[in-house]
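Listed in order, the protein sequences are those of chains A, B, C and D.
Terminal number for the first sequence in my numbering: 338, no gaps in between.
Terminal number for the second sequence in my numbering: 1304, no gaps in between.
Terminal number for the third sequence in my numbering: 2330, no gaps in between.
Terminal number for the fourth sequence in my numbering: 3325, no gaps in between.
One or more hints might be untrue.
Claimed, not checked - Straight-line distance between alpha carbons at most 20 Å, and here's what the computed EDC-like set of lysine to aspartate or glutamate pairs gives:
1. C:LYS2072 with C:ASP2084
2. C:LYS2072 with B:ASP1205
3. C:LYS2147 with A:ASP310
4. A:LYS9 with A:ASP76
5. C:LYS2094 with B:ASP1073
6. C:LYS2210 with C:GLU2181
7. A:LYS173 with A:ASP31
8. A:LYS9 with A:ASP31
9. C:LYS2094 with B:GLU1196
10. A:LYS173 with A:ASP76
11. A:LYS326 with A:ASP222
12. C:LYS2094 with C:ASP2071
13. A:LYS9 with A:GLU294
14. C:LYS2072 with C:ASP2012
15. C:LYS2210 with C:ASP2248
16. C:LYS2094 with C:GLU2179
17. C:LYS2210 with A:GLU266
18. B:LYS1207 with C:GLU2187
19. B:LYS1267 with B:ASP1058
20. C:LYS2072 with B:ASP1073
21. C:LYS2094 with C:ASP2081
22. A:LYS326 with A:ASP300
23. C:LYS2147 with A:GLU266
24. C:LYS2094 with C:GLU2109
25. A:LYS326 with A:GLU294
26. D:LYS3125 with D:GLU3221
27. B:LYS1207 with C:GLU2181
28. C:LYS2147 with A:GLU332
29. C:LYS2094 with C:ASP2012
30. A:LYS326 with A:GLU271
31. C:LYS2094 with C:ASP2126
32. C:LYS2147 with A:ASP31
Derived by calculation from the structure, the hints in this document are not laboratory data.
Owing to the predicted nature of the structure, the values given are computational and were not obtained by experimental measurement.
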Amino acid sequence: MTEPLLCLKDLSIAYRVGTHDTIAVEGATFDVQPGSIVGLVGESGCGKTTLARSLTRVLASNARIAGGQAVFCGEDIVGLSERAMNGLRWREIAFIPQSAMNSLDPVYTVGSQLAEVLIRRGGMGRRAARTRSEELFEWVGIETNRLGDYPHQFSGGMRQRVAIALALALDPKLIIADEPVTALDVIVQRQILDQLRELRERLGISVILVTHDISVVAYVCDRVVVMYAGRVVETGPMAATLTAPAHPYTMGLRNAFPDLASAAGELTPIEGSPPDLANPPPGCRFAPRCPFVEARCQTDVPVLQSYEGDHLAACHRIAEAETLRKRAMASETWEVPA
Amino acid sequence: MSDALTPVGKSPGRFTRLRRALGSIRLPLHDPLAIIGLAIYAFFIVMAIFAPQIATHDPNEILFTSEFTIAADLRPGVDGYLLGTTTLGRDVFSQIVWGARSALLIGLTAAFMVALIGSVVGVVAGYFGGWVDMILMRLADVAFGIPFLPFVIVLAAFLEPSIWNVVIAMALVLWRDTGRVIRSQTLTLRNRVYVEAARVSGSSDFKIILRHIVPNVLPLSFLYGSIAIGWAILTEASISFLGFGDPDSISWGYMLQDAYASQALSKGSYYWFVPPGILIILIVSAGFFITRGYEQILFPKLDR
Amino acid sequence: MNDTDPPLVRLDAAELHFPIGGTLAQLRGSATVVKAVDGVTFELRRGESVGLLGESGCGKTSTGRMLVRLDKATGGRVEFDGEDVSTLTGAALKRFRSRVQLIFQNPFEALNPRFSIRDVLAEPLDNALIPKAEHEERILRAMALVKLGDAAQFMGRYPHQLSGGQLQRIVMARALILEPEFIVADEPVSMLDVSVRAGVLNVFREVRAKTGITAIYISHDLALVRYVCERTIVMYLGRIVEDGPTEDIVANPLHPYTQALVAAVPVPHPDQSHAPLPIGRGAPDPRNPPSGCTFRDRCPKAFDRCTVEAPSPTRIQNRIVHCHLFDLET
Amino acid sequence: MKAITVIGGRLLQTAFVLLAVITILFFMFRLMPGSPLAAYIDPNFTPEQQAELMARFGLDQPLWRQYFIYLGNLLQGDLGESFFYRQPVAERVLALLPNTLILTFSSLILAYVFGVFAGAYLAWKRGSVVEQIGVPLVLTTRAMPEFWLGMLLLAVFSFGMGWFPAGGTRAPGAEYDTMWALYTSADFWWHMTLPVLTLAIYSQGLPLLLMRSNMMDVMREDFVTMARIKGLSTFTVVIRHAARNALLPVMTSFAIAVGYQIQGNVIVETVFSWPGLGRELVRAVQTADYPLAQGAFLMIALVVILMNLVADLLYAALDPRVTHE
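Produce the complete structure using the sequences and hints provided.
What follows is the structure in structure tokens.
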């Protein structure tokens, strides 16, 4: 196993609301190998976007990194000075937002925004920036004469391609993509996902892909990190984690996802809703919705432990994962007594 | 600020529904600036109502000193005149107190007219759209084309001078700002999903306007109303200053015109012309402070 | 539900065109027109549930809006139970409203924040002039139908106090409270978290099973349509490209666009094909659709006839396809 | 292509508004109490003059024909004779227009330059003490009667300190052979200082609060956050992206502000006896010189309507979302 590009240890992020601190992400620990795509999966409010955005160290005004480390190429970016961190921004760590529409400045042409990054951050001359911009547009499949167009003249899919071109501008080592395809139709989504795969294959760039859709993870990711209510509940190679999940939440997610390939089976919801992070329940935060809950789940916090090699899960009953998985298949297991 | 959970089973009576509709006009009591604004309003209302008791003299009466000469240009405190006297020997303090009455009278009536006409035009144009909207908005464009102060002056010149000229002029022209803003808000409301849902569940246009549109527009009309109070008072002061005011009603504008004409500036009698200005500023800015919507008021997002 | 009785819902070359450009442009008649729905024809039997599938901008939502008379068709005919929906007024429109309902996409926007849940559910009842005495009972019954726990505790609460899943159930309860015969659901779960979606979809299926209501389910997600509807109509740029049983379309899509659509859907397990999609890049622009078949500029199998002439519908067993590859035999 | 239809549409609208205002003006001066002839004929005109005016304005014709004659004359720039000055109204009004425009534009430019920077600064200092004091202070300037402010400045700086003249545009007896010589003379600017200051203090509130509110909105936009994630310098983020977007509506509001301001000049010109259109209108109305009053009103209205049009065109020109379809 080569030296990981990025290694998170117990990373925690807190939001200050009034006088109270809400821990949005608690103890996040996982690695990102060079040239690999890691899927950061979870439902709304689980902290996946907060975690991904915090790696750029550009946080909301009331948010702060409350603890832990994020070692990127040997340097802990949590402790870095603002100047040193800014040196990394876009040159080493780039970002693709969810809806590229309002992440592009409406009063500048797309070309000038690309040139701005190449010249001010990449140190290129005006003409070099021009040729590089054309290269980037060809790479993402946009006609180079459209460099003179404004953001509002691009469709959803095309804007996302512009965002990818922008992210590639300075050959970063890591690209963080925050739900890049959620707002797109299925055909354009497929084309953008193919482009993300090309980033890895041809340019060896690592990608952290934030999404709520495990089908997207299955299509494009090498490893997956499942988050629930601010904590990492399971992480491992994509194939193993999706086919043989070790955490009840991942099992439940699988049942809730319609699968076009297999026969139209019964979809089973996970009853209830995620806890309020302002005052989360003690012990395992999935306990209130978990069909396999036990006494200890409500008291002590489960820790990430190995289920099989580098396939980890944070569940007290990890040893019985095999049997729990079978029981989880049946929809009666998830039915809450009326 | 939803009220306490209605006890299960009891359907809310008429009163609760009314309270909830009015509840939509949330007075921002938690905000210090708004409290100052309300305090200023209360102060002026008391001054206007109890003007006869507060004023030390009849504002128009020409006063004489003990040596039977006209008590002209007396400094504050001399002979017991709190703020001194005018060149024609009238008590400045009493004029200021009486001035509050006409200021509030004009301010409130004009504000009501502007807010009412503007809101009705805005809701009708915004909700029904089509040619109704086109006509009303072209009417608003024409109103925007008429320079307001010159219009009031010409109007005052033709009609007999009276404090109501300002109110009429404002009702004819100044509904334009409220109308345009309320129209654009109604447009956004009309396309809201829950309004379409009401339409699909069979509610008539009238019912939709009453239950879904008006409660959301009410706060904005109230906002514009309080700004119109300020505009009315400023306009009345300007008109009186130019000599088109109502001669038999004392107003701050009239006082300033009287001071300007009597060379109060060169005589440096600040006690005479400064206080009316301060009071106008107080009452007009109170309107801004209360509504807190000053940002949105002064320059609605300029969307035609 | 035999084949002889007349269809409950019938669309005949229905059109919904929006003029864009200022009023001046319209006066000069040179205004460009967006053809949101451009000649859609299909029928619905009583009790049938049909999926309207397509990407954004294909006209599926506009078709839904025409069916519930939120927009009036600008061409062709939209019929419900034999009556032309676009011309209904007064009492006839009111009766139509109680028989046809719409479930909105965004539950967080579909309820007036100032109304309590009781007010929301009472509104349709007031409109249908149902006496106040009956309201309580009908509201509770509607909430039970959509599986909302002990309904009483929701009565006095406000929309912002409920979760997405609960709100969408209230939206469904409001649509079902007058026991309509036909319901249109416009992407009802697309705003919800995945784990909550299944719950709402199951409620939709149970309601259909229990009441036998005729339904149209609008979505861009084929897997969801398959879960709820036995028949699917695929739309592209305001026109129908394929119409047939859902299982057949998933297993063996005929129209090139449907083939690309089915191939593009990712599945939640590792072994899936990464083969490039059989479709050209390029985004469908409703403002100036290509001549002839509107899919020809992206279709891998397009040939000269496609640019000249729009394809006419061809029946192949229980499927209808709008493509020149198939209408050669006629 | 779209830009042309937008401009075309707006021109048509402006023409309609202008015609409407002219019509309102026509009827206002005729249907008002007092004899309709009073609008054009001064009792102590000579009979020949009266007859000549009767013919020229068809004052004996039915009202609607008078209207068309009125329009015809208007197109030729004939606004009738001023009772007081025995001089064509058009001539006098055009001579005074520059004084008003110079006053309006110089005060607004001062107000906007100050307002934009102060507004951006207040947005930057969001939530600080500076904002707690600054914003209410600015609000009071918006609540201030302009003429009272003028009186105050006059009393302090002119009569009190004697630093500035008490009114007019030139020192008594100073002669200038051309208007241009006057407008560029230090004497003229010295006379203009207090009125410009008065107008600027009042009108700086609009750009200031507009800029502040826009800056705060824009700072929350995704593309500003993205600029910071790209590692661009604070200067680039705040000025090139945030301020540039925030400035857009402020620029268009300049034209509208001219329209609002020129209506306010009526008062300030009177306080500072500044020979502009505003003061002329007031004196014309006070001396019942109706043709002159009608002419001055029309010219002010023309500027207001023109400025509303400029505001729309400016908005269309500046925002690429409108020009580039």
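Taking the hints in turn, this is what the structure says about them:
1. C:LYS2072 with C:ASP2084: Distance of about 10 Å is within 20 Å: holds.
2. C:LYS2072 with B:ASP1205: Distance ~16 Å between LYS2072 of chain C and ASP1205 of chain B Cα, so the pair holds.
3. C:LYS2147 with A:ASP310: Violated, because 42 Å separates the two Cα atoms, which is more than 20 Å.
4. A:LYS9 with A:ASP76: Holds, because 10 Å separates the two Cα atoms, which is no more than 20 Å.
5. C:LYS2094 with B:ASP1073: Judged against 20 Å, a Cα distance of about 76 Å means the pair is violated.
6. C:LYS2210 with C:GLU2181: Answer holds: LYS2210 of chain C to GLU2181 of chain C is near 13 Å, not above 20 Å.
7. A:LYS173 with A:ASP31: Distance of about 14 Å is within 20 Å: holds.
8. A:LYS9 with A:ASP31: holds, 9 Å
9. C:LYS2094 with B:GLU1196: holds, 15 Å
10. A:LYS173 with A:ASP76: Holds, at about 16 Å.
11. A:LYS326 with A:ASP222: violated, 25 Å
12. C:LYS2094 with C:ASP2071: Roughly 16 Å between the alpha carbons, so the hint for LYS2094 of chain C and ASP2071 of chain C holds.
13. A:LYS9 with A:GLU294: Distance of about 28 Å is beyond 20 Å: violated.
14. C:LYS2072 with C:ASP2012: Given pair LYS2072 of chain C, ASP2012 of chain C holds - Cα atoms ~14 Å apart, limit 20 Å.
15. C:LYS2210 with C:ASP2248: Roughly 26 Å between the alpha carbons, so the hint for LYS2210 of chain C and ASP2248 of chain C is violated.
16. C:LYS2094 with C:GLU2179: Distance of about 14 Å is within 20 Å: holds.
17. C:LYS2210 with A:GLU266: Holds. LYS2210 of chain C to GLU266 of chain A sits at ~18 Å (cutoff 20 Å).
18. B:LYS1207 with C:GLU2187: violated, 28 Å
19. B:LYS1267 with B:ASP1058: It is violated: about 25 Å lies between the C-alpha atoms, which goes past 20 Å.
20. C:LYS2072 with B:ASP1073: Status violated; Cα separation ~76 Å.
21. C:LYS2094 with C:ASP2081: holds, 15 Å
22. A:LYS326 with A:ASP300: Outside the cut-off at roughly 25 Å; violated.
23. C:LYS2147 with A:GLU266: Satisfied, since the Cα-Cα distance of roughly 18 Å is no more than 20 Å.
24. C:LYS2094 with C:GLU2109: violated, 24 Å
25. A:LYS326 with A:GLU294: holds, 18 Å
26. D:LYS3125 with D:GLU3221: Between LYS3125 of chain D and GLU3221 of chain D the Cα gap is close to 18 Å, so the pair holds against 20 Å.
27. B:LYS1207 with C:GLU2181: violated, 25 Å
28. C:LYS2147 with A:GLU332: holds, 17 Å
29. C:LYS2094 with C:ASP2012: Status violated; Cα separation ~23 Å.
30. A:LYS326 with A:GLU271: Cα-Cα ~19 Å, so holds.
31. C:LYS2094 with C:ASP2126: holds, 12 Å
32. C:LYS2147 with A:ASP31: violated, 43 Å
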